[in-house]
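With the sequences and hints as input, model every part of the structure.
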Amino acid sequence: MTRVLLIEDDPDIALIVRHALERSAEFSVEHVANGETGLERATLDPPDLVFLDLNLPGMDGIDVCKSLRTNDQTRDTPIIMLTARTAESDVIRGLDDGADDYITKPFSVREVVARSQALLRRAGGRQPTEEQLTARGLVLDLARREVHAGGDEVTLTRKEFDLLAELLRTRGRVLTRERLLEKVWGYDNVGTTRTVDVHIRQLRRKLGDEAAGGIDTVVGVGYRFVEMDD
749 MTRVLLIEDD PDIALIVRHA LERSAEFSVE HVANGETGLE RATLDPPDLV
799 FLDLNLPGMD GIDVCKSLRT NDQTRDTPII MLTARTAESD VIRGLDDGAD
849 DYITKPFSVR EVVARSQALL RRAGGRQPTE EQLTARGLVL DLARREVHAG
899 GDEVTLTRKE FDLLAELLRT RGRVLTRERL LEKVWGYDNV GTTRTVDVHI
949 RQLRRKLGDE AAGGIDTVVG VGYRFVEMDD
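Letter 112 of the sequence shown, counting from 1, is numbered 860 in my numbering, and no numbers are missing.
Bear in mind the hints are in silico, worked out from the structure with no lab data behind them. There's no promise every hint is true.
[As the list claims (entries may be wrong)] For lysine-lysine, the following DSSO-like pairs were computed, each having C-alpha atoms within a straight-line distance of at most 30 Å:
1. Lys954 x Lys814
2. Lys814 x Lys931
3. Lys814 x Lys853
4. Lys853 x Lys931
5. Lys853 x Lys954
6. Lys954 x Lys931
Spelled out as structure tokens, the structure:
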């Protein structure tokens, strides 16, 4: 049984999420209504997955997410943000601070279950490797999950790292947004392709001109990594 910690102050939203997950018979859900209690429960008895409301009273979701990512017990626990905020800056803050994905309210029961299953599959399927990927001054150490651009270390979130690795592995090939959702997030016909676009923008911002120039937008289709500018 997969143990889920739901940190959500809205009782109606909490009920929807809880029923959606527990109806599938593979999840057990513990619900808390504030960030302080959620952080305490997560660190004392680490769950397999966290649903985290961004707009909590007191200690907000961003601060909870940061704390979870700096704690050895919850460093690698998948986190899905729940947000009613539509501003991209709010979403980016959450992703930058360690959330794996976000769901915008209102959402469907199917989306809650499918995204949970996909993130857990991805988390359980990571294999250690000594492989390195290099291109345009980039060096990705897949074993240590470290990135250097032009000799300088670059700090990426887990999903930014996975997305960049997928682009480098398939360099020269055009990958649709749907394909990237499937490969990096594990989603199959669920989720929004905006997730990919947000992460691509963050990668370009962090990598610097030379490396970022390799991430090519193919209008109306998706992205590819190119070794040289056209």
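message = Checking one constraint from the list: CA of Lys954 to CA of Lys931, max 30 Å. Satisfied?
response = holds, 22 Å
key: Restraint check for Lys814 with Lys853, where alpha carbons must lie at most 30 Å apart   = holds, 22 Å
ask   = Going straight from one Cα to the other, do Lys954 and Lys814 come out at no more than 30 Å?
value = holds, 19 Å
request  = With a cut-off of 30 Å on the C-alpha distance, tell me whether Lys814 and Lys931 pass.
outcome  = holds, 26 Å
key: Pair hint outcome, Lys853 versus Lys954 [Cα-Cα no greater than 30 Å]   = holds, 29 Å
request  = For the pair we were handed, Lys853 and Lys931, check the Cα-Cα distance against 30 Å.
outcome  = holds, 25 Å
The structure agrees with every numbered hint stated previously.
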